[in-house]
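Engineer: Letter by letter, the chains look like this.
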Amino acid sequence: MPVLEELKAQIARRLPELDMVIGWGHGYDCLHRTPVFIENAADIEKLVFDPLCVHNLSTYLTRYGSGKKIGVVVKGCDSRSVVELLQEKLINRDNIVVFGLPCEGVADLGKVKRALQEQNLDMGRVKSATVEGGKLILAVSGKEVALALNDVLADKCGRCRYHNAVIHDEFAGTPVEGQAQDAYEDLAAFENQTLEERMEFWRGQMERCVRCYACRNACPMCVCRDHCIAQSRDPNWVSQGDGLEEKFFFQMIHAMHLAGRCTECGECERACPVDIPLLLLKRKLGKEIQELFDYRAGTEPEVKPPLLAFKVEEDNINERGW
Amino acid sequence: MDKELRIVGFLCNWCSYGGADTAGVGRFIQPTDLRIIRLPCSGRIDPLFVLKTLIGGADGVLVSGCHPRDCHYSEGNYYARRRLEVLKRFLPVIGIDQGRFEYTWVSASEGQRWQHVVTTFTNQIHALGPIQRIGKDAQARACAFGRTLEVDIPA
Ligand code: SF4
Ligand code: SF4
Ligand code: SF4
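So the sequence lines, in the order shown, correspond to chains A and B. For the first sequence, position 281 (counting from the first letter as 1) is numbered 281 according to my numbering, and the numbering increases by one without interruption. Here my numbering runs 1000 ahead of the position in the second sequence, where the first position is 1.
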């Protein structure tokens, strides 16, 4: 049975005990998927699963009152967010049903857009999109364009170590074999520059930030919502000013509050309307946390996140070193 | 030593603030670049305090608390140690030298150690020089952009 049919059957079976199941459905055009909130059997037909299902739906889990029983459909990377939320006791395992999927990667629409631009085509004019034999086949402006999926996959998929949901109550399809390595080469390449060059890079990037906070709102681990300290006036962490310092400091808030919790799902970066490479900051923290505490967020449900814990004698911290 | 730089010290009330006081009472000579902010515990130090201070233009930040096993609140400095170590390792990715931030432990009786810490850290910051600020040219760039617009508007 194809994965989607199996998933639909599982949801149909579990729906009576749930208030809602969150999955992906068709969006406003053929390239976009949108979250669908399934409350009755008829809604199940809206479900879609293909490499255009990029959203990390676990973002929604913390938005409902504790009493609701919710099902959520997750890819491998998304499932790590669920685990991290459980570790931090932000959601209750008894109230969540996880529909896990195997996943071979999702498209980065930015890459699709640039690939089309190279052929002088406009992504907004794509009339149909199908995935077949490792290719994304698009009908656009009277032409058929076939893009190799490998060329347009999100960067995170190229280094994915968790193709299959790491936590699940139901699992549709067959697990994907193999896993990539992640040696943080992108970060190393960036850090080959001088400190001055790095700061200049962030100046250029942050100048474009419009303080829309989409990065925060898309993040499954940003759970403060309306109580975000970036909006507090007392103390006033970030002012209404539009200077670089303000924009940059907002990202420092996001990065620090995600230290040791961020699962590098990339939603912050994907949601950013001006393409600021926010994941670079998060990956830096992820790498250091891994080196210091041998910990990868969202992979071990029973472990306490490292910044909520300590050891009297730390293994890898040499604080008297200077 | 050349012109004073701006160094901010976050000191725990129970140990390091006392240590700095001991150094003062003992009349130990110290550089005068450091401005002290007293906090109840090193565990109170949010890494964002340090970032805000550095992004706001301080040339260096020093955090000092009670030695491990000596925390007035038993375990505040253990949590601080993890957070501050992560922060220190994070700084280079945004273009800030790791050496602009240090954390250490000084007890209330260690006036001499305090003198050593302040002197070493101040020397380290002077070796690095004034910090490069993220927003330093932004205003100028915005003004220049405004001027190009003006030129393009026909009279
Ligand atoms: S990171 Fe892995 S699980 Fe996530 S979308 Fe990419 S391939 Fe799928
Ligand atoms: S900070 Fe970004 S990458 Fe990390 S969990 Fe949040 S959205 Fe995902
Ligand atoms: S999504 Fe992008 S533009 Fe919006 S606040 Fe975040 S970094 Fe700034």
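Keep in mind the hints are simulated off the structure, nothing from the lab. Heads up, the beta-carbon is just placed ideally off N, CA and C, and yes, glycines get one too. Mixed in with the good hints there might be a few duds.
To be verified - Pulled a few chain B residues facing chain A out of the computed Cβ check, cut under 10 Å:
{"hint": "1", "residue": "1005"}
{"hint": "2", "residue": "1008"}
{"hint": "3", "residue": "1014"}
{"hint": "4", "residue": "1036"}
{"hint": "5", "residue": "1086"}
{"hint": "6", "residue": "1135"}
Engineer: State for each hint whether it applies.
Structural biologist: How the hints compare with the structure:
This hint is violated: residue 1005 of chain B has a C-beta 17 Å from the nearest C-beta of chain A, more than the 10 Å allowed. Among the interface hints, the one on residue 1008 of chain B is violated; its C-beta lies about 16 Å from the nearest C-beta in chain A, farther than the 10 Å criterion. The restraint placing residue 1014 of chain B at the interface with chain A is violated, with a minimum CB-CB distance near 18 Å, outside the 10 Å limit. Contact between residue 1036 of chain B and chain A, as hinted, is not supported at the beta carbon level, the nearest pair being about 19 Å apart and thus beyond 10 Å.
The restraint placing residue 1086 of chain B at the interface with chain A holds, with a minimum CB-CB distance near 6 Å, inside the 10 Å limit. For residue 1135 of chain B, the interface hint holds, since its Cβ comes within 10 Å of a Cβ in chain A; the closest pair sits about 4 Å apart.
Taken one by one, the earlier hints fail for this structure at numbers 1, 2, 3, 4, listed in ascending order.
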